[in-house]
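*Asks:* In case you want the letters, here they are:
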Amino acid sequence: MGGRMTTAAAVAAPPSEFRTGLTNAKLGVWLFLASEVMLFATLFTTYIVLRLGASEWPRGWEVLNVPLGFTNTLVLIVSSVTMVMAYAKCWDRDYKGFRIYLGVTIALGFVFLGIKSFEWAAKFRVHHFPSTSIYYALYFTMTGLHGLHVICGMIVNGALFVLSKKEWDHPLFMGRIEGSGLFWHFVDIVWIFLFPTFYLL
Amino acid sequence: MSDDQHGHAPRSFWRRYVFATDHKVIGLQYFFTSWVFLLIGFTMVLLMRWELAYPGTPIPFVGRLISPLLAPGGIMTGELYNSLGAMHGTLMIFLGIVPLGFAAFGNYILPLQIGADDMAFPRINMASYWLYFVGGVLMLSSFILPGGAAQSGWTSYAPLAEFNPGQTTWLVSMVLIITSSLLGAINFLTTGINMRAPGLSLFRLPVFVWAQLVTSVLLLLAFPPLEAAAVLQLMDRVLHTSFFIPAGLVVLGTKVAASGGGSPLLWEHLFWFLGHPEVYVLLLPAMGIVCEIIAANTRKPLHGYKIIVYSMLAIGVLSFVVWAHHMFVSGMSPMLGNFFLVTTMIISVPSVAILTSMIYSLQGGSIRFSVPMLFALAFMPLFGIGGLTGLPLGLTVTDIYLHDTYYIIGHFHYVVVTGSIIALMGGVYHWFPKWFGRKMNDFWGKVHFWGSVAAMNGVFFPMFIIGLHGESRRLYDPTAQIHNLPAHYWHIVSTVSAGLLMLFQLPFIINVIHGIFWGEKTQENPWKATTLEWACPSPPPHGNFEKPPRVYHDPYGYSVPGYREDWLPQNVEWEGA
Ligand code: HEM
Ligand SMILES: [Cu+2]
Numbered sequence: 001m002g003g004r005m006t007t008a009a010a011v012a013a014p015p016s017e018f019r020t021g022l023t024n025a026k027l028g029v030w031l032f033l034a035s036e037v038m039l040f041a042t043l044f045t046t047y048i049v050l051r052l053g054a055s056e057w058p059r060g061w062e063v064l065n066v067p068l069g070f071t072n073t074l075v076l077i078v079s080s081v082t083m084v085m086a087y088a089k090c091w092d093r094d095y096k097g098f099r100i101y102l103g104v105t106i107a108l109g110f111v112f113l114g115i116k117s118f119e120w121a122a123k124f125r126v127h128h129f130p131s132t133s134i135y136y137a138l139y140f141t142m143t144g145l146h147g148l149h150v151i152c153g154m155i156v157n158g159a160l161f162v163l164s165k166k167e168w169d170h171p172l173f174m175g176r177i178e179g180s181g182l183f184w185h186f187v188d189i190v191w192i193f194l195f196p197t198f199y200l201l
Numbered sequence: 001m002s003d004d005q006h007g008h009a010p011r012s013f014w015r016r017y018v019f020a021t022d023h024k025v026i027g028l029q030y031f032f033t034s035w036v037f038l039l040i041g042f043t044m045v046l047l048m049r050w051e052l053a054y055p056g057t058p059i060p061f062v063g064r065l066i067s068p069l070l071a072p073g074g075i076m077t078g079e080l081y082n083s084l085g086a087m088h089g090t091l092m093i094f095l096g097i098v099p100l101g102f103a104a105f106g107n108y109i110l111p112l113q114i115g116a117d118d119m120a121f122p123r124i125n126m127a128s129y130w131l132y133f134v135g136g137v138l139m140l141s142s143f144i145l146p147g148g149a150a151q152s153g154w155t156s157y158a159p160l161a162e163f164n165p166g167q168t169t170w171l172v173s174m175v176l177i178i179t180s181s182l183l184g185a186i187n188f189l190t191t192g193i194n195m196r197a198p199g200l201s202l203f204r205l206p207v208f209v210w211a212q213l214v215t216s217v218l219l220l221l222a223f224p225p226l227e228a229a230a231v232l233q234l235m236d237r238v239l240h241t242s243f244f245i246p247a248g249l250v251v252l253g254t255k256v257a258a259s260g261g262g263s264p265l266l267w268e269h270l271f272w273f274l275g276h277p278e279v280y281v282l283l284l285p286a287m288g289i290v291c292e293i294i295a296a297n298t299r300k301p302l303h304g305y306k307i308i309v310y311s312m313l314a315i316g317v318l319s320f321v322v323w324a325h326h327m328f329v330s331g332m333s334p335m336l337g338n339f340f341l342v343t344t345m346i347i348s349v350p351s352v353a354i355l356t357s358m359i360y361s362l363q364g365g366s367i368r369f370s371v372p373m374l375f376a377l378a379f380m381p382l383f384g385i386g387g388l389t390g391l392p393l394g395l396t397v398t399d400i401y402l403h404d405t406y407y408i409i410g411h412f413h414y415v416v417v418t419g420s421i422i423a424l425m426g427g428v429y430h431w432f433p434k435w436f437g438r439k440m441n442d443f444w445g446k447v448h449f450w451g452s453v454a455a456m457n458g459v460f461f462p463m464f465i466i467g468l469h470g471e472s473r474r475l476y477d478p479t480a481q482i483h484n485l486p487a488h489y490w491h492i493v494s495t496v497s498a499g500l501l502m503l504f505q506l507p508f509i510i511n512v513i514h515g516i517f518w519g520e521k522t523q524e525n526p527w528k529a530t531t532l533e534w535a536c537p538s539p540p541p542h543g544n545f546e547k548p549p550r551v552y553h554d555p556y557g558y559s560v561p562g563y564r565e566d567w568l569p570q571n572v573e574w575e576g577a
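If you read the sequences in order, they're chains H and V. Following our numbering, the numbering of the first sequence begins with 1 at its first residue and continues without gaps. Following our numbering, the numbering of the second sequence begins with 1 at its first residue and continues without gaps.
In isolation and in its complexed conformation, chain V is listed as follows (with noise of 0.2 Å):
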């Protein structure tokens, strides 16, 4: 039981719905908190697809609202893009993707599928979410505070970053965001170890617990060596250390005035220790959601569940010893390039082993296309794109000439965008009659996977293209080098796309909030589904079960022989099993 239960719900409207405990309802804040950080990072990169697609054009329509400061005639200046991107960067990553996937759906699911009723501490689990919040309002509002916001890229390498106005917030703001998530992580962890329900063994844990766990670890372990970067490149710019200038810097023609003795190598040693185990946060929770759904859908179990449980643990530690293949080409000894070359193929293994024990598990399933299967389903050879593109990136030979260029950005996106996202849009589909008793439309949400799906492909595929003629990224006016001009017209494809993206994300906003209030009535278990975030109320009261579920069988128990359905829930005693 947790350490402050008081049994009743809170009556006030505060300690309900603002200041909350009950992991439900921060899961929810969460949920909707980062969904809108989602939409504005997206609203930036619009503008940005502008400026790429017709360069020192005025923005259509907005450009006008944007301050003359940084937009002089609707025209987008090369400082605003700059920051439009740091911001793009910041804001997908730690402000959306990390809590819609590991504290949105885990806050929420987790306790559910380990049959608790709530996490370990719930008053620290508000304490993330609100330094979370003011860590992320801190972020946005730098675009007005003095200085403006940072410009270094969501990256903030040194030197550059150590002079940029507007890197001090960004460090700041960090900073909380990482504290949020480390208390998350122990929250995570100490719940889903200690508060198992009675037979709950480690390997009878759906694949969703697993990896809500493993990315827990990566939190843990890898966000404080950039807590301490962050701390050191604050230092640097409040009490001019010197932990990431070197002696000697020159900085538009004059010498910088600091006692030297630093190393810019240092902080992309220190980020990339984090960045790399970073994009398995991003990708585990959607691996895990992705393997309910397709349990559910297909109607018999996992086909390698341990497979799928040990390649996330040898992701959890391999994921340690890979970063330094973002720096192929800062100048580090070939040998060490070697070794995380290396590496980095061996850490492909386990991805593929997930995939492809995925892709197996629909073999001889009879396979139901709901909204959310269908985002599963789509998961599977998109996220491969991303996946196999990777490859080239990890061999030094051909990053060498790929690094920096928008071939990485096609490929990280292909990962993130068409991976991540779409599993946690399935996710959404998926766990909306549990969160709130009620059904999304089914055509609406149809409309919304083969629109999106189609839009994802048109902004990011040609990215690849434009990179493979040499394209840089982070370029403010593509057309100013003339070895981009043969493939401009791609991004002229791409920003298209991406308009088309925002607007099929239309129907899903009305249909979530159409779906809350007005949709279709549920009851405990609509996909009829075995884990145990089923065998209670939709939506679950305060406290979840009516009483302390016990568990009987591993967790997907579909299509068990001589059974009378074909599901059979983890909490349901029978003999045949």
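So here's chain H without its partners, still in its complex pose (with noise of 0.2 Å):
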């Protein structure tokens, strides 16, 4: 790794034909967060129309496992920690720190599917499928939906480990990483909404 010297902010500032200042990966991304937060609100309008209509409906914590959903939700609050601070160690040009900071977050992103799918398997094996009820297919798909979105996080931030190594000093790198970052946080909100709405409510 050569170039180690660049200073951090020659490499976060955008170029300057940037009009509003922000990189266009950064505007890009909060754009595409602009659509996901509709596609969610519609999922979670969608359960509440559905369980105002509905004539009984489950508790959460009696058909769930609220230990476990409970794990995944800190799971994920130190995922969003530790993707805090790879960005951190972008700025301070500390590469080892980052690609630490960076590794975790992935793996933490494992952590949560595994329980997620055990949770998912436990249900299956009682004969829970999302058609069971209406409570069970949002359920299903909710989570599942939001299941992918982990993954394509965990894909892109992958992406960016393996690319790290040669693009480490590429002046949008910081760039791909915040943009990654806000990517994640915006998946960790999304489970912060769905564990109380399934699970305590």
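Derived from the structure by calculation, the hints contain no laboratory data. Just to be clear, a hint being listed does not mean it is correct.
With beta-carbon atoms standing in for the labels, derived distance ranges [what the hints assert, rightly or not]:
1) V:392 to H:81: 54 to 64 Å
2) H:84 to V:199: 34 to 44 Å
3) V:349 to H:53: 32 to 42 Å
4) H:125 to V:13: 50 to 60 Å
By construction, the Cβ of each residue, glycine as well, lies at the ideal position given by its N, Cα and C atoms.
Fit the two chains together into the complex; they arrive one by one in their own frames, and the hints show the way.
*Replies:* Here's what the structure looks like:
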């Protein structure tokens, strides 16, 4: 790894031709997140509408495993912190620290998915499927879609992990980490809504 | 500068014309593909028009070519009619007008008008096109896939759509097409906001750019709910959930084996939450094009530039709070109905403001009756008819009678055909010289114009009359109901005109092809127009501008007092301005 000398400011400053001062990538990620908000907002609205129209509704804490769900919440929150740390290390131009924190973030994604699939498998064993009831339909669809987002975030982070070998000094590299971090936080926040909605309410 | 700018056009054929990242090539890919879909959707509706005018008789010429399962003896079955209807709506809207007005024109013109060298994300741009292409081909191929094509209309209302064979393919294609539009919207917004040339402040942007940006916002925020809804309907069909299936539903005498607990009305809400912004997605780019054409051909600045821009922004906001005017008769609370009635009346104000500004812009101009200008002039009254006939549909009392009749078919076709399509055709004549460095033929352009305008009115005006007689839409055989008979001959007028309309597209198609290869050569700025796209060569090379332009004026510097020419380009510095 050459070029370890580049200063953080030189790497972080967006080229002057961007009108807003934000890089295209960052602006693009924010716009993308706006559409993602609409996507999940629709699903939560669906949840509200269908629940209000239902004659009975299972109590989340009786049908789902609250300790596991809670653990998963912690896992994602911690992974958000390590994501920020990876970004901070990028600012400090600390390559090693960056790789460690990004690696931990990806690993925590695996932990989350592991716990989640354990929960799903437990449901399938007792024959609870999406078709069982409207509650399970919502539960599997929304956590499933969220899981897909987790996987996407991990793929992006993984790609950046590999790319960082070559592109650590690329002027847009920090921006990419930031964008990926924004997405990862979004995925985290969605879960923070999903957890009480299905487990506690 | 875009993220992966290489400076040189890629050399290999595949990278240059097929998996291209240059916004101009992608724009033309969208252009040709969407016209093909429009023509296919048009052909489908011609078959339907035959059935509507002469129900139960063999379709001439082509009837025998259709599989006997769908049209025994050349006579269309009800199933085929339903499929064609659903596919016509879907193709025209999602695969025709949106990709043409938004993606094709936007891709080619928007970066040029803001002085950029490409889109912000060229590779994502390529992905948008190919998602659209695959989604479109899948949609069309549903005719030969097991289950056939969808039959529940472009609106796919539940619970009907839940049980129709073919719907699954429709949903999968829609998810691809929606994803394509979302990526496009992000790309357009980032480009338009972030990559403007120095000096090009927001209020110096051409109206067309504003129109594209507002359209992008609509797509960005309105499409995800439909995407979610499509996923939920897909879940219903594939994993047998009941998001849109109520408890105790009985179909054909048997109780549906599903857990129930869903809500068919929810589908309507989710669909129209997209559906209404969508009509502005069809309309705004067209309005933007008309404004550009008017400014260049009246040789004076647009009247009320700011009014137009603010109106477009207002439309952008308001179009999210009017959706349920499509659902007045769905059984929702009358209180809620009143709310949507009021918002609907309010949203008509900015549309009228834009139209009025366009008309005022003509006042005192020395109008050049070029072919694009003819289309722009026709847009105003004809879109006006479309808009005005919409008011009775927005008032609950009258809508109860008019809902789901041919009247509404007439209404929205006036908006979308004599409005959007007319404007888009005008846009083709206007920017063709920029795209190919050659002009289209004027005489055949005029033939195309007069023929199309006459035929379009012949197709759609009768629908108002038929609708006022109380005839329902989506009818396979209108003569089966006796109250439809007195107005039936209007169906024949409409069908004959539709045939003529198709005929009058021939000069257009030939003109485009002839123009590309043998048209009269033009230079950079044949219309003597002021916006930046005319400040680069025709067609623009890879990277567009020889050196990045700088902007000094408002977009429409026509007839500036004291300047030696009657047009002052945005990128020309001049002390007197
Ligand atoms: C160019 C000539 C066109 C003709 C002759 C035509 C004719 C028709 C007719 C007769 C119907 C009613 C079918 C029925 O209710 O059974 C219809 C429906 C429809 N058309 Fe067109 N149309 C044309 C262009 C367009 C365009 C450009 C659009 C674009 C947005 C469009 C969008 C629709 C939609 C959304 C429906 C409703 C489909 C449904 O019931 O689900 N049409 N058209
Ligand atoms: Cu509407």
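*Asks:* Determine for every hint whether it applies to the structure shown.
*Replies:* Okay, the hints, checked on the actual structure:
no., hint, in the structure
1, V:392 to H:81: 54 to 64 Å, "holds, 58 Å"
2, H:84 to V:199: 34 to 44 Å, "holds, 38 Å"
3, V:349 to H:53: 32 to 42 Å, "holds, 36 Å"
4, H:125 to V:13: 50 to 60 Å, "holds, 55 Å"
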